[in-house]
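A.B. asks: Each chain, letter by letter, is given below.
There are 2 protein chains.
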Amino acid sequence: MKALLMGLQDSICAGLEQLDGDGRFQEESWVRPEGGGGRSRVLREGSLLEQGGVNFSEVQGKNLPPSILNQRPEAAGHPWYAVGTSMVLHPRNPYIPTVHLNYRYFEAGPVWWFGGGADLTPYYPFLEDAKHFHQTLKGACDSVNPAYYPVFKPWCDEYFFLKHRNETRGIGGIFYDYQSPGGAIYKGPDAQGPAAAVGSEQVPERDWESLFQLASACGNAFLPSYVPIAERRKGLSYGDRERQFQLYRRGRYVEFNLVFDRGTIFGLQTNGRTESILMSLPPLVRWEYGYTAEEGSREALLTDVFTRPQDWLGDAALEQRCALHGAVG
Amino acid sequence: MKALLMGLQDSICAGLEQLDGDGRFQEESWVRPEGGGGRSRVLREGSLLEQGGVNFSEVQGKNLPPSILNQRPEAAGHPWYAVGTSMVLHPRNPYIPTVHLNYRYFEAGPVWWFGGGADLTPYYPFLEDAKHFHQTLKGACDSVNPAYYPVFKPWCDEYFFLKHRNETRGIGGIFYDYQSPGGAIYKGPDAQGPAAAVGSEQVPERDWESLFQLASACGNAFLPSYVPIAERRKGLSYGDRERQFQLYRRGRYVEFNLVFDRGTIFGLQTNGRTESILMSLPPLVRWEYGYTAEEGSREALLTDVFTRPQDWLGDAALEQRCALHGAVG
Numbered sequence: 001m002k003a004l005l006m007g008l009q010d011s012i013c014a015g016l017e018q019l020d021g022d023g024r025f026q027e028e029s030w031v032r033p034e035g036g037g038g039r040s041r042v043l044r045e046g047s048l049l050e051q052g053g054v055n056f057s058e059v060q061g062k063n064l065p066p067s068i069l070n071q072r073p074e075a076a077g078h079p080w081y082a083v084g085t086s087m088v089l090h091p092r093n094p095y096i097p098t099v100h101l102n103y104r105y106f107e108a109g110p111v112w113w114f115g116g117g118a119d120l121t122p123y124y125p126f127l128e129d130a131k132h133f134h135q136t137l138k139g140a141c142d143s144v145n146p147a148y149y150p151v152f153k154p155w156c157d158e159y160f161f162l163k164h165r166n167e168t169r170g171i172g173g174i175f176y177d178y179q180s181p182g183g184a185i186y187k188g189p190d191a192q193g194p195a196a197a198v199g200s201e202q203v204p205e206r207d208w209e210s211l212f213q214l215a216s217a218c219g220n221a222f223l224p225s226y227v228p229i230a231e232r233r234k235g236l237s238y239g240d241r242e243r244q245f246q247l248y249r250r251g252r253y254v255e256f257n258l259v260f261d262r263g264t265i266f267g268l269q270t271n272g273r274t275e276s277i278l279m280s281l282p283p284l285v286r287w288e289y290g291y292t293a294e295e296g297s298r299e300a301l302l303t304d305v306f307t308r309p310q311d312w313l314g315d316a317a318l319e320q321r322c323a324l325h326g327a328v329g
Numbered sequence: 330m331k332a333l334l335m336g337l338q339d340s341i342c343a344g345l346e347q348l349d350g351d352g353r354f355q356e357e358s359w360v361r362p363e364g365g366g367g368r369s370r371v372l373r374e375g376s377l378l379e380q381g382g383v384n385f386s387e388v389q390g391k392n393l394p395p396s397i398l399n400q401r402p403e404a405a406g407h408p409w410y411a412v413g414t415s416m417v418l419h420p421r422n423p424y425i426p427t428v429h430l431n432y433r434y435f436e437a438g439p440v441w442w443f444g445g446g447a448d449l450t451p452y453y454p455f456l457e458d459a460k461h462f463h464q465t466l467k468g469a470c471d472s473v474n475p476a477y478y479p480v481f482k483p484w485c486d487e488y489f490f491l492k493h494r495n496e497t498r499g500i501g502g503i504f505y506d507y508q509s510p511g512g513a514i515y516k517g518p519d520a521q522g523p524a525a526a527v528g529s530e531q532v533p534e535r536d537w538e539s540l541f542q543l544a545s546a547c548g549n550a551f552l553p554s555y556v557p558i559a560e561r562r563k564g565l566s567y568g569d570r571e572r573q574f575q576l577y578r579r580g581r582y583v584e585f586n587l588v589f590d591r592g593t594i595f596g597l598q599t600n601g602r603t604e605s606i607l608m609s610l611p612p613l614v615r616w617e618y619g620y621t622a623e624e625g626s627r628e629a630l631l632t633d634v635f636t637r638p639q640d641w642l643g644d645a646a647l648e649q650r651c652a653l654h655g656a657v658g
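If you're matching them up, the sequences are chains P and R in order. If you count by this note's numbering, then the first sequence holds residues 1 to 329, one letter each, in order. If you count by this note's numbering, then the second sequence holds residues 330 to 658, one letter each, in order.
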């Protein structure tokens, strides 16, 4: 898994440098006093990417924090090991979505589990982009087991949810956590919404090898899921209105990451490397008291439709609504 | 207490409009579905204040969240009532500090308590400003009881602390919570550092009336604690370097408020009015991976000295260090 995740960091960075054209990733290796370390790579002020961070880390510790032990009580009292690759991209052009990816693996005493996913946060609505992103990730999941995407898609909508805004972070993607043999696929603190309804009868075989294959297939699906979207939108010209809306919506990204994100909180709780953890925060952000998008605008469509859970791959009414706003392709 | 806090909102808004010259507060009244409401006032794009928010709220509910019940178990199962005024100012000129104030009062079944405080977050170091702010608040505390400031000052340093950065939010001020008769003055989740060492022998009489007087004295000390600092610095000219550093340091303000601040978390947990709660966030913010201030610069002095707990009112070595950098007055 470590080799997979380091290779994923390499291939993603290479693909992103090619996409950007100008920008290059700078690497910093670091050691964690309590055990482990990592390599953080950041690309700044590229021509396409305003900032992009791709981190690999491998860390160990004596006791997992209570938030994780609640989910895996068998790990209590055991030293733990975790390895992960995570990425957040903040493109400059507001027509190119922000995107996040994280794949990780934990071992602690008698238990181990896989987690991960990827989700897309557009600033302007293009149904075609949402479809492409979901279709590509669905393909990766289906290649291992077709039972995964129908669970991981709603799980993603539930996880990347800003309760105080009643908004999803964006159009979602896939998310999974605590994946190990036995039990229901969907078992975690998020098990409240539609995904919780998926019964254990739909659980596919989940041995170590198949969960590794899942991480591999999904991780390798990232570049094909995102690069075509960025290529399609990078030539669109934009003005101050679009830039201001992007900076405003980036505020939601900060709110999610600092208030809700388990990865961020885990990192800060376990004395992780702050600069690497907070590399996910956008380079420039705006808050505006009481902002609401103008009725009928693309900004309103983004807020009303692209921050709600949707069936991106098969909803005719959604397609019609987007078509009315010229927000299909 | 409600009358005091509404009057405080009025007098602070009037004083700030006078200070700003151009800007005017816009008010929105709101009702909370679960009970209560408030009036939020925001001043935007003033000549001195880039943004300022002064909120009054009076809210009720059926059950307090666990974070508060841990501190006041007697309140469990009782309906609660809370009233508070809070304020955050984000000035435009980086030489004028950001400042926060909050005074509040809770009742729940058999118990009631007062909380509050004010703290200053400079972007550039001026010892004179730190002294003035602390001296004014100390005077207000002393007018009720000289035992308060020596407890509330270190409590403020401990509360407004960014663990993941190992920094205080700024030069502090005063902070207190769960103040009611009996027990030690300092009794709360922050009771770990120097303030925890203050023994109960130093507890002054704390009946309802004297704690009300404390809120009144400290609340009314705000304008005299801050306006002279803003007046002194508003004419200083600054360039892009100072602006960029201000935007960068504002990121710490966001990190504190979203990750640590009990007021923010309480508001979001109790279905508070999101726009009013997050009015504390700065209008424009920057994050920069791996930034460190140039050695010997004023930015380094700010980071090394003005984000650490200091004895602002009587430390000769601190005075010398600031003098070396021309950062006294």
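These are computed hints drawn from the structure, not numbers from a lab. Be aware that one or more of the hints could be misleading.
[Said to hold, decoys possible] Only pairs whose alpha carbons sit at most 27 Å apart, straight line, appear in this in silico DSSO-like list of lysine-lysine:
# : chain 1 : residue 1 : chain 2 : residue 2
1 : P       : 131       : P       : 62
2 : R       : 492       : P       : 62
3 : P       : 163       : R       : 563
4 : R       : 492       : P       : 163
[As the list claims (entries may be wrong)] Computed, partial: chain P to chain R, Cβ under 8 Å:
#  : residue
5  : 167
6  : 252
7  : 254
8  : 255
9  : 278
10 : 281
11 : 284
12 : 288
13 : 324
14 : 325
15 : 328
16 : 329
Just so it is clear, CB atoms sit at the ideal spot from N, CA and C, and this is done for glycine as well.
A.B. asks: Which numbered conditions among the earlier hints are violated in the structure presented, ordered from lowest to highest?
C.D. replies: Going through the list in order, the structure violates hints 1, 3, 5, 6, 13, 14, 15, 16 and respects the others.
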